[in-house]
Amino acid sequence: MNQELDKTRRLLLKAGLTLSVFSKTFTPIAHASTNSISTLSALLSDTDIFSELYALYGDRAYSIGESDIIVLRAPDIAENGQVVSIKLIGESNAISSFALLAKSNQRPLLASGTLHSACDLPLALRVKLRRTSEILLVADTYQGLIAVHSQVKVTIGCGGF
Amino acid sequence: MRENSLRVLIALDSEYQQVFKALIGHPMDDGYRVNAPAVEANYIKKVAVFVDDVVCLTMDWNENVSKNPFISFRLFRPLLDGQILTVSWRDNRAQEISYDFVVTFNPYGRFVFRSDEHANPESRREPEMQKKAACKNRHRP
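Chains A and B supply the protein sequences, listed in that same order. Residue 126 in our numbering sits at position 126 of the first sequence, and the numbers go up by one each step. Just add 161 to the spot in the second sequence (first one is 1) and you have our numbering.
Calculated directly from the structure, the hints in this document are not laboratory data. Here a beta-carbon is modelled for each residue, glycine too, at the ideal position from N, C-alpha and C. Honestly, I wouldn't trust all of these hints.
So, partial list: chain A residues that the calculated Cβ filter (under 10 Å) puts toward chain B [stated by the list, open to error]: (1) 51; (2) 83; (3) 88; (4) 92; (5) 110; (6) 111; (7) 114; (8) 117; (9) 118; (10) 120; (11) 122; (12) 127; (13) 155.
Given these sequences and hints, build the entire structure.
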């Protein structure tokens, strides 16, 4: 009787432990993804950015969020806002054109380009950022328009503003 | 870098694919400077790369691209010796510059183009400087 109780106790303990581990590992990721999607939709509905994108791509629908086709690789912290290196990586020959926008700059559309048949990802550029801001990349892929973003903290000396 | 000069490097990356890298000498002044001396906006608006007169990459930039802009991309099909590359750009002052060059790879699959050397070969390093550099490098393997 005592042994059985002990077994059940152990089982319960194990279950609790696994549950707690799962909750610890999975909640932050879920939180991050919802957060990024909300910031992305906010970015896309920003009037300046919207007008720039509308001029480029018209009234097409965006699929929002992380994707394997295109990844925007930017530094988390840029010590010098004058030179921020940005890299687009992803599937080979997947994108035909792209637009790179930064919210904090006077004119948000930093660069837009068309990749023809001889050109392929990864593609790298260096841009200026006025201050800490979200960088938005919209790429025209074979799955339609995909929007991805990344936050870059611009620090001059110390601290980020 | 001198204004409107160009440096190009084509080399293999970690996956043995050809990567095109270019540095354009340009001030990319955004014209936002408030303190004296105020500088007029002077930035590249359009860039294009052609392979054998077939367009490869076109980009529209605004003034928020860094000084001495850097472009890097992977080539989908490997370039061969004798193919002609063209890199051209246009300012907001409607100044158009274009460089054509023939690609010749070294045995390691690298190709380097420097517009400075081709434009004025007299402005290379002085012989004394070269001697010093040679002395410096003598002990290196």
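How the hints compare with the structure:
| no. | hint | verdict |
| --- | --- | --- |
| 1 | 51 | 14 Å, violated |
| 2 | 83 | 5 Å, holds |
| 3 | 88 | 9 Å, holds |
| 4 | 92 | 7 Å, holds |
| 5 | 110 | 5 Å, holds |
| 6 | 111 | 5 Å, holds |
| 7 | 114 | 5 Å, holds |
| 8 | 117 | 6 Å, holds |
| 9 | 118 | 4 Å, holds |
| 10 | 120 | 4 Å, holds |
| 11 | 122 | 6 Å, holds |
| 12 | 127 | 6 Å, holds |
| 13 | 155 | 17 Å, violated |
The structure does not agree with the numbered hints 1 and 13 stated previously, though it agrees with the rest.
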